[in-house]
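J.: Protein chains in written order, with our numbering: chain A, 1 to 226; chain B, 227 to 610.
No lab work stands behind these hints, which were simulated from the structure alone. Predicted model, so just to flag it, every value in this text is computed and none were measured. The C-beta atom is built at its ideal place from N, Cα and C for all residues, glycine as well. A few of these clues could be false.
Derived lysine-lysine pairs resembling DSS-like cross-links, with alpha carbons at most 25 Å apart [to be verified]:
{"#": "1", "chain 1": "A", "residue 1": "K79", "chain 2": "B", "residue 2": "K598"}
{"#": "2", "chain 1": "B", "residue 1": "K603", "chain 2": "A", "residue 2": "K79"}
{"#": "3", "chain 1": "B", "residue 1": "K603", "chain 2": "A", "residue 2": "K71"}
{"#": "4", "chain 1": "A", "residue 1": "K174", "chain 2": "A", "residue 2": "K202"}
{"#": "5", "chain 1": "A", "residue 1": "K4", "chain 2": "A", "residue 2": "K71"}
{"#": "6", "chain 1": "A", "residue 1": "K79", "chain 2": "A", "residue 2": "K4"}
Coverage of chain B stretches by chain A, computed from C-beta distances (three or more under 8 Å per stretch; other residues unrestricted) [what the hints assert, rightly or not]:
{"#": "7", "stretch": "238 to 244"}
{"#": "8", "stretch": "520 to 527"}
Listed here are the chains, written in short residue letters.
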Amino acid sequence: MSRKVAELEGVVKRYESGEDELTVLSGVDFGVERGEFVTVMGPSGCGKTTMLNILGLLDEPTEGTVRLDGKDATDLTEKERTLARRESIGFVFQDFYLIPTLTAEENVDVPTAFSGGSGGRARELLETVGLGDRVDHYPDELSGGQKQRVALARSLVNSPGVLLADEPTGNLDKETSDSVLDEIRRICDDGVGVVAVTHDEKLTEYSDRDVRLDEGEVRRTGKVTE
Amino acid sequence: MTRKLSPAVLMACRNLLRNRIRSALACFGIVIGVIAIASLGILGFTLQAGFMENMGDVANQIEVTPATGGDGMGFGGATDDTLSEREVRDVRQSAVGASVVPVRQDTVDIEYGDMSTTRTAYSVSEPNVLFEAEDGRLPAQMSSGVLVGNTLADTMDANVGSTMTVDGDSYRVVGVLEEVPWTAPVNPNFGIVVPENELRDEEYSSVVVEERSADSAEATAERIDETLNRRDDVVDVQESSDLIENIQEQQRLLTMFLIAVGSISLFVAGVSILNVMLMSTVERREEIGVLRAVGVRRTSVMKVLLTESVLLGIVGGAVGLVLSVGIGAVINHFMLGDAFLVFQPGNVRYLATAMGFAVGISLVSGAYPAWKAANEKPVEALRG
Ligand SMILES: Nc1ncnc2c1ncn2[C@@H]1O[C@H](COP(=O)(O)OP(=O)(O)OP(=O)(O)O)[C@@H](O)[C@H]1O
Ligand SMILES: [Mg+2]
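Extracted from the complex, chain A is given alone in its bound form:
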């Protein structure tokens, strides 16, 4: 029945380090639909990045089910996960993570480069995010906001069904973050499901729905509320 493009059901994530056991997520139910912009808020260390990584098939849940486009993606092999990420998921990381040896355009092209290239889409995306005059610049020749926009363009080059953004405005001033958020909103209106993890209340001005990942005190249940 689900129109959800990405979905977590009863997801538990535990880390074991020696004797200690740390439960970061203890039964998360969460989903995002196409064209929906959801923010996930919560205190630092509550497990937001962890949840996003599981949703994006970068990490595996200890228990529970991950669905992508309605299909169970919990038990995919490493290769299948990689292909699924390439086909249907876009990532914007907490720290841009651009490749320093590649130009802006080449960075945007990375997800598709090994499967035939994006056929000019990389350049178009850079123009869309207002960096049409910076395509041949290397990351160290770009400002923080420009890097973030390159990272955003990279997350879209594979035309993903869902965009997972970790602190997309974390390092940006007000003006730049406004332009980045406008861009994300526009992407969302084109039918992409967006999950943005943030501390920044401002994102709620752009979102359709906001949830809190609330661990309560220390190492307790992560709970999704509406």
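Mind docking chain B with the ligands on chain A? Use the hints.
T.: Leaving out everything else, chain B with the ligands in the frame of chain A:
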């Protein structure tokens, strides 16, 4: 990304250029390794080629000499240090079709100009079978005059047409011989060749048989041995090709040894590539994590990293190759008198081996770091 270059090659090149000094040093190790293998190989091959150039034309000769050692008490056969007429006849019968040249030899006193010396004189019926003339002519049948060995002629400054006194008798110098390789059965470089029956010693010291080829020489040598030594060891049969093969075998071993020594330096170069690749993948842990996170497959990541290490091998190998050809040209110039002989197939084989080894070892060295980096979980790499 640039259409012309595959993304793996593009990324590999950029990564190598990021730390130029480190890449250059890793290449340098390969350069040295390739030079070591290629130039030692070329040196060995050139030694062999130089040897064959001098010795090759006696490979079809057989020397039959009186048997040494063995049953000294035996009756019958002439187990002294000469060969009888009958034995020479037997050799002739066993070597039909080949040139059979019985040789006598004796020590003589030579006077020439104001020099006098004691040397070995050989007398052979057909000197033109065994020797070549550097100066003058070689008679098919020698009836008068003497031929002077190459080294002796140099020492005495002997010329064709002058007169030489041998054991008190005067002879005309009719020819100066070309240098004879030391593997030849009869070696008059330091002596002279006189007409038949001019020596006091009437007995033959040896018989030289010249066959058409080294192969038929082997068969003939066997036949002589079977015929003459049927009952008793009367003669020793020595093929020049045996001696030559022995020496060649030793030279081959020497070459192999030289190459093995050279290979050690390539192994060291391989270790340095391994080290460089390990360092660089650790430094780029996050970058590689990002590649994996955005959907670049493990095999593609490995391709990038292997391309990097192989590029180190190829570049280092190519530079090493160019330098090796230069070194080989110098070796060939001085040892064989022709620098271009470095492009002989035998040398090219060593150049190719060195290059192949360089690329191979860089591939092997890159494999572990590439595999390790590609298989790291992207979440862990990104968490730092
Ligand atoms: N590999 C790991 N081993 C052990 N504990 C881990 C591991 N990864 C994450 N954690 C813990 O899980 C918790 C959640 O981490 P996560 O990165 O998801 O937090 P976050 O909500 O994204 O925080 P922030 O807002 O600061 O980015 C943290 O307490 C962290 O220490
Ligand atoms: Mg986080």
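J.: Would you mind marking each hint as holding or not holding in the structure?
T.: Going down the list of hints, with the structure as the test:
no., hint, result
1, A/K79 with B/K598, "16 Å, holds"
2, B/K603 with A/K79, "12 Å, holds"
3, B/K603 with A/K71, "23 Å, holds"
4, A/K174 with A/K202, "10 Å, holds"
5, A/K4 with A/K71, "10 Å, holds"
6, A/K79 with A/K4, "23 Å, holds"
7, 238 to 244, "holds (count 4)"
8, 520 to 527, "holds (count 6)"
Hint compliance for this structure: every hint is met.
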